[in-house]
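J.: Based on the sequences and whatever the hints tell you, model everything.
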Amino acid sequence: MSVAREAIRFDNVAKSFAEYTAVEGISLSVNAGAFLSVVGPSGCGKSTLLNMAAGLMNPTRGSVSIFGEPLSGINRKAGYMFQQDALLPWKTVEENICLGPELRGVPSSETIAQAHEWIERVGLKGFAHRYPHQLSGGMRKRVAMAQTWINNPEIIFMDEPFGALDVHTRLRMEGEILKLWAETNKTVMFVTHDLEEAIALSDEVVVLSAGPASRIVGTYSVNLKRPRNLIDIKTEAAFNDIYGLVWRDLREEVLRSYERS
Amino acid sequence: MSAPKRTPIVVWQLLLGAALLALWEAGSRSGLLDKFFFSRPSDIVRRVAEMFASGAVWGHLATTLLEAALSFAIGVAGGVLFGFLLARNRFLSQLLDPYIRVANALPRVVLAPIFLLWFGLGIWSKVALGVTVVFFIVFFNTFQGVREVDPVIVNNARMLGASERQLIRHVLIPSALAWIFSSLHISIGFAIIAVVVGEYLGAAKGIGYMISQAEGVFDTTGVFAGMAILAAVVLCVGAIVDRLERYLLRWKTRDDAAPESHL
Ligand SMILES: Nc1ncnc2c1ncn2[C@@H]1O[C@H](COP(=O)(O)OP(=O)(O)OP(=O)(O)O)[C@@H](O)[C@H]1O
Ligand SMILES: [Mg+2]
Chain S
1 MSVAREAIRF DNVAKSFAEY TAVEGISLSV NAGAFLSVVG PSGCGKSTLL
51 NMAAGLMNPT RGSVSIFGEP LSGINRKAGY MFQQDALLPW KTVEENICLG
101 PELRGVPSSE TIAQAHEWIE RVGLKGFAHR YPHQLSGGMR KRVAMAQTWI
151 NNPEIIFMDE PFGALDVHTR LRMEGEILKL WAETNKTVMF VTHDLEEAIA
201 LSDEVVVLSA GPASRIVGTY SVNLKRPRNL IDIKTEAAFN DIYGLVWRDL
251 REEVLRSYER S
Chain W
1001 MSAPKRTPIV VWQLLLGAAL LALWEAGSRS GLLDKFFFSR PSDIVRRVAE
1051 MFASGAVWGH LATTLLEAAL SFAIGVAGGV LFGFLLARNR FLSQLLDPYI
1101 RVANALPRVV LAPIFLLWFG LGIWSKVALG VTVVFFIVFF NTFQGVREVD
1151 PVIVNNARML GASERQLIRH VLIPSALAWI FSSLHISIGF AIIAVVVGEY
1201 LGAAKGIGYM ISQAEGVFDT TGVFAGMAIL AAVVLCVGAI VDRLERYLLR
1251 WKTRDDAAPE SHL
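Line order of the protein sequences matches chains S and W. Per the numbering used here, the first sequence starts with residue 1, numbered consecutively. Per the numbering used here, the second sequence starts with residue 1001, numbered consecutively.
It is worth saying that the hints were derived from the structure and are not from the lab. Don't take every hint at face value.
[As the list claims (entries may be wrong)] In silico EDC-like cross-links for lysine to aspartate or glutamate, where the CA-CA straight-line distance does not exceed 20 Å:
(1) W:K1252 <-> S:E95
(2) W:K1252 <-> S:E259
(3) S:K77 <-> W:E1164
T.: Here is the structure:
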């Protein structure tokens, strides 16, 4: 049996903001090529974990390694789709999507065609020359997805990417992500508050406890066969078994976080 | 049924202006306003026309515009440069903070005589005065603009591979541009005012000099004529900046337009 490569590793990581400890004692390993989701109550520290793995924040204690190398500074192997709007408002859809290649010195003649493939893939044909403020929230999310994926990073962080999308578009985007992921062997770390989404997409689901000093409550393997049919999967018995199992733990944390606030 | 056509606001604005001028004209003709102190619009218009017809005004206008353009260019360049430098360098901004405050608190008019001594009666004493005004307006706005950049956008650009220099080009400058532009509107007006004040206090040429000459012989019409020409110039230049802004900030929605400057 070959040993799986480790793409991301958190070693006893803690992060405090001044007095407030957001996360503590986080040890987690994500295998290369895995699709891992992080769920937990609002404010528990999911985005904080991604920020540390992206190298945008240093852990207060512990360390993060990427493919076995301790991370310092920006994680050059990763793309990050942020929870907030992060498109450059002064660039059009096309310019936003071309930005990554442009920054790395790829000539624009090579990028444009690729960008238009992405524009079509995320369903924004005809919007190439719009500015972000002329798009709906869901459309902006789809541009952000193209902006991140066009760079072809080995690791992708996605922070609640589909919260703003309607059910139909959401299913389409989720399907697109799974297809791309299966084709390209990327490692995905995916944050969501929707447990159904987490289970439907992932190989593994991590549940965080309510903050402060949030910890990992449990890690659950999702052994559903791939490729998955995202519409039908939610009615499968195996899906519901896993859902029941994870929800028991998550429910408790959600209730705890209600009590505290 | 279509809604009744609304009269565009410009029409009302022009009507108001015309009404005020008519009132002024009527007041001075009826003797209610002393012609010696208030002149009258018809005289002022005639005077302006004469000044352009004889060509006497061109030299003055050119001098004032040159001085204003130089102070604007130097002031904006310096303001943007220092604004960026200090916004990106915490130590430098903290070190210089009290000095900048003191320098900005100084009324510029008191500098005019000193600049006259240093740079003489020619254009450079006026340019120096104009620069001290423009620089600070642009500097504060640039500083603020760079500081207010959305950190999520900065992080996004960095994750996409931006180096520090690319960050400045793709994120910081465009983001600060809205602030810089809001300062340009104001600083153009102030540049013209500053050089005219400079000319007024001591010069051999320029609109300000022209006004002070007219004032010296109690020629109220001449003073108003100079003011009218200045106002027209400021309006024209403002319209050009407006055009430029509309183009460069086309990515912005109109309702979250550039922030107001604090003067
Ligand atoms: N820069 C910061 N300064 C101070 N506190 C912060 C900062 N970033 C996050 N926090 C705090 O850390 C905690 C975790 O924040 P984080 O954004 O990681 O939560 P989250 O799990 O992503 O929540 P959500 O699901 O609502 O996005 C929160 O209590 C938040 O207030
Ligand atoms: Mg979050």
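J.: It remains to establish, for every hint, whether it holds in the given structure.
T.: Hint check results:
1. W:K1252 <-> S:E95: With Cα atoms ~15 Å apart, K1252 (chain W) and E95 (chain S) stay inside 20 Å; holds.
2. W:K1252 <-> S:E259: Roughly 42 Å between the alpha carbons, so the hint for K1252 (chain W) and E259 (chain S) is violated.
3. S:K77 <-> W:E1164: With Cα atoms ~18 Å apart, K77 (chain S) and E1164 (chain W) stay inside 20 Å; holds.
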